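Enquirer: Model the full assembly from the supplied sequences, consistent with the hints where possible.
Here the protein sequences come in this chain order: Z and F.
If you count the first sequence from 1, position 269 lands on 269 in the UniProt record's numbering, and the numbers rise without skipping.
If you count the second sequence from 1, position 43 lands on 43 in the UniProt record's numbering, and the numbers rise without skipping.
No lab work stands behind these hints, which were simulated from the structure alone.
Honestly, I wouldn't trust all of these hints.
[Claimed, not checked] Derived Cβ-Cβ restraints for the label pairs, each shown as a range: (1) Z:GLN529 - F:GLU131: 41 to 47 Å; (2) Z:GLN529 - F:ASN142: 42 to 48 Å; (3) Z:ALA400 - F:GLU131: 41 to 47 Å.
[Unchecked claim] To spell it out: a stretch of chain Z is covered by chain F in this simulated footprint if at least three of its residues, at any positions, have a beta carbon under 8 Å from a beta carbon of chain F; those stretches are: (4) 154-163; (5) 384-397.
A quick note: this is a predicted structure, and the numbers were derived from the prediction, not measured.
All C-beta atoms in this analysis are idealised placements derived from N, C-alpha and C, irrespective of residue type, glycine included.
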Amino acid sequence: MKFLLFAVCYLLAFPAWPNVVERLQQQAALQDLATAPYWLALLHQEGVNTRSAIVDPDFFLASAADAGAELNATLAALLLPVSGDVNAHAQCRFIARSHWLQQQLPELKHQLATVSCPLFDDWSDQQQIGSVSAIFASGYLGNPASFYGHILLKFNSASDKRALLQQQNINFGAEVPTAENPLLYIAKGLAGGYNAVFSYGDFYRNIHTYGETELRDQWEYQLALTDAEVKQLLYHAWELIGRDYVYYFLKENCAFRMAELLELVVGQPLISRRKPYAMPISVFHRLAEVEHHGQPLVSKITQHPSRQKRLHAGYQQSSPDVQNAVAWLVANNYQLAGAAFQQLTVAERIQVLEILFDYIEFLKVEADTPELTKIKNLLLQARLQLPAAKPTSLTLNDNAPHRNTYPSLIQVAITDTENSVAYDLRFRATYYDLLTANRDPGVFSALAMFDVQVRLQQGRLALQRFELLNIENMNLSHTGLVGDGGLAWKINLGYLPEDLVCADCQQLQLTAGAGKAVPLSSGILYLMQDARLHQDKFQTGWLSADSRLGTVFDVQPYWRLHAEIGYRSYLNTERDNFFWYRLQQRFGTSQRWDLRLGIVRQRATEVSLAFSYYF
Amino acid sequence: MKLALLAASVLTLSLATTPAAQAQQKVNPWKQCGIGAMIFDDNGTAAALSNIIWDLGTTAVTSNVSSQNTCEGIKVAAAEFINSTITNIEEETVAGEGEHLTAMLNLMGCDATAHQAIIQDVRADFNVNVEGQAAKAEAYYNQLDNTINTKFAAQCQVI
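Expert: The following block contains the structure:
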């Protein structure tokens, strides 16, 4: 009776009893599937009739701007008989769409021909993927697009025949022609001049490229996803591989697209849509905050250290005897017959050789010379003559990236100037300065972009300073070995006050500096020489120089101090040279806030107290 | 009669298994597949993009998406791996173990229980003084392949 009632209702709903495709399309329309958020997410459309973010026509069967038409076309394509290359069938091309539509339309599942997809099965290790990890490759100053790190996803096979290095990962990056002009690269990257795609590869390529060549650590955040969610991700990742997007360096970049992909299964926002820029680190902060099925989304964090990190950790964690032997061998042309090496135990000799392997490879990144290869062969031969043994395990105590201070800054300050009290409001898009808390221990550097400060003083609101870019790299040596560490350097581009005497003394400035920094017990001491190229609005001439001596050190874990004295010399102008100084202090170790107290003297003096909020 | 049956069975088995095995034996990834000419790209993005692209009308080619009797075969995947990571493989070989060696032997289709013995064998005759990275990788691959074929064929059945 029930069946009869159902059949009558069904016939009323579909009076013409159309063919299967039309019937399923009508069912989909009745259920309003074309407007379902999940369907729109699979098409990368914000609304039913908005254009998809994917610009590759091959991603669509009907329309890039009509989710309904695409749904109907997908149903029709799924039901087509297999002919020719099975991998080209819609069931193999659009596995996530197929899977979701089968869940929504039970009849579809019964109507579909059984199709196996050999390419997908090979790629997904016969669908034996057991978990998914998000990988953070730390920042790299060798490429502007990598200053802020990189994110990719790793699909972890459950098969014991696939080791870590064989795991499959997917990457999102711009398709940049080889040997592209750097300025053109930046301009086109900002303006959407490149296409970008998801690509795939084995994890060993990342270990090689990031860890060995670019000396970047990788952090693996394994996600607590259900088996069904892992499959959903896998299916959709497959659909996306090789499909063109427009690439925007600031916003629609790797962080944005990877977050978008993960949101498909996490069901919560992982990247801000309101911010005009997206950073990989923000995704990791968010991943660490999110709870999924009542549990933390991140189940495990693993650091894959770079060659440089292994060198530093290996050296610092070895005994003084081993360190002395390493230093002696480096200074004495690697004479392995020398007593400094031969008097060590076998285990110590093995450790010395391991450190030297890392050291030579670290040097080879800078310049791969035949001499270094010869030394490396000598060391390998020496190791071969010692017994086989498990390599020394290293303890890595770096902060996981999500424990760093959040990348963007809003700061309010009250400043006592020689004229009156001023109120400052500052915004810095990214990322950290020499005082920022929660950076890796022993690393002192600054990387800031789009740092703007306005000042309210005597009822007048005005731009006080704007720094487009500020990078300072102290380039410290962590071993004392030749080639580890080098010149400290700085580059700064901004519209900044020439001194503190007047309120309107800003001019465009480009500063480049070089010097040397040495480590102290809990800080650094540095000497730098800056060259400044600037406007000549205040009889400053076009060129000047700053000689600076400074220190940064932690008085207490919650209290860091940065003191600097300098002498400014103006070239080819009558303007007076002058001494200056600054003392800045940061209090607090929160990822979200700190207090800063500072005094600066540059012809005039200012004292300020600031509250910083990070997000 | 029993002998004839046995001979026939052996012949049948060998005929049944020979094509793939022969194909594996024949392929020299350096000579026939251009492995030696590969240059590992230092640019992260370019490197990542170099091994795309699944697209209709073309064939996806990565280390593992492959048939087993051409230059896309599993031994070629191992050869590619060795060529790209020979520096780490050398360091781990002289040490006697490491994650690159594990991955390499997995790619060669070797059972995990045989890994240690294979590494010991390679280590015993390992020549660190071959000139040039590409030549080192090729020599290493040849030594490994020879070791497996002559001593560990049963434990290294291609999957």
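Enquirer: Taking the hints in turn, state whether each one holds.
Expert: Quick rundown of the hints versus the structure:
The hinted range of 41 to 47 Å is satisfied by Z:GLN529 and F:GLU131, whose Cβ atoms lie roughly 44 Å apart. One distance hint, 42 to 48 Å for the beta-carbon pair Z:GLN529 and F:ASN142, is violated here, with the actual separation near 54 Å. The given range of 41 to 47 Å is respected by Z:ALA400 and F:GLU131, whose C-beta atoms sit roughly 42 Å from each other. Using a Cβ-Cβ cut-off of 8 Å, 4 residues of the stretch 154-163 of chain Z lie near chain F, which meets the minimum of three, so the contact claim holds.
For the stretch 384-397 of chain Z, the proposed coverage by chain F is satisfied: 6 residues have a C-beta within less than 8 Å of a C-beta in that chain, meeting the threshold of three.
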